[in-house]
Amino acid sequence: MTIRGVFFDLGGTLRICDPAPEHQAKARARMAELAGAADAEAFLRQTDERYEPYREWALREMREADDLSLWRDWLLPEMPVDRLRPIAHELTYQYRQVKGLRRVVEGGLQVLHALKGRGYRLGIISNLIGEVEIGEWLERDGLRDMFDAVILSSLTGIRKPDPRMYLMGCEALGLPSEACANVADNLKRDFTGAKAAGIGANVLFISPEKLATKTITDENRPDFIVHSFTDILDLPIFKEGMGET
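Those letters in the sequence shown? Residues 294 to 538, per my numbering, in order.
These are calculated hints, taken from the structure and not from any lab test.
Computed Cβ-Cβ distance ranges for the label pairs, DEER-style:
#	residue 1	residue 2	range
1	R514	E371	43 to 49 Å
2	P379	Q339	19 to 25 Å
3	E383	P312	20 to 26 Å
4	T523	G467	23 to 29 Å
5	R343	K532	44 to 50 Å
6	K532	E342	44 to 50 Å
7	P529	T508	22 to 28 Å
8	D511	D311	34 to 40 Å
9	P379	P529	46 to 52 Å
10	A489	P373	38 to 44 Å
11	D511	E342	35 to 41 Å
12	K392	E502	17 to 23 Å
Don't be surprised by glycine CBs; every beta carbon is placed ideally from N, CA and C.
Given the sequences, and given the hints that come with them, work out the whole structure.
Next comes the structure, spelled out in structure tokens:
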């Protein structure tokens, strides 16, 4: 079947995270201010320590907590819920900013505009904490109209590789799974679920150095591998636009 829709993973694929010391310092300070913590560094260390068991749970159960549940049940359980509720979204937002400044990968905008111009329906399927960051980013960068589907684990409550993430995306695009392609960077997380959902083509975006450390199996095998993001445009499934192949 002809590919008519394309899903992109975010972290490590469509977006990358760069160190930005001033940006990160402001985020640490704002986190502490929101939580009423006197020592920003100590509060961040505590949050990181508490995040580890949450992450283990999320990976094991293939689930994701909403912002309020994340802080109420895992990261800041000592704070009363009535105090947490109005700040939970921003706490998660700032916690993600502590990691660095996220930007679209080199060549990413070129690929998005080219595929959109060729008639493909575009979507995002991503695992992440935080309910508001991605919507704000899409609005801020003028990308809201670029995507017909945005499926986030923080909003669905489930995580890739659960195949339902991909099936939700296909439903949002109004396409059968075999008419959709998936572009991502993690063999286990991004491809086992996509293949189980019947996604028509899987594209691995990875450096040669990282690829050399990976094990490809029948369960995670991509259909295509690209080392430069713009090479996506030259793949046979996209090169001729949406004409029948």
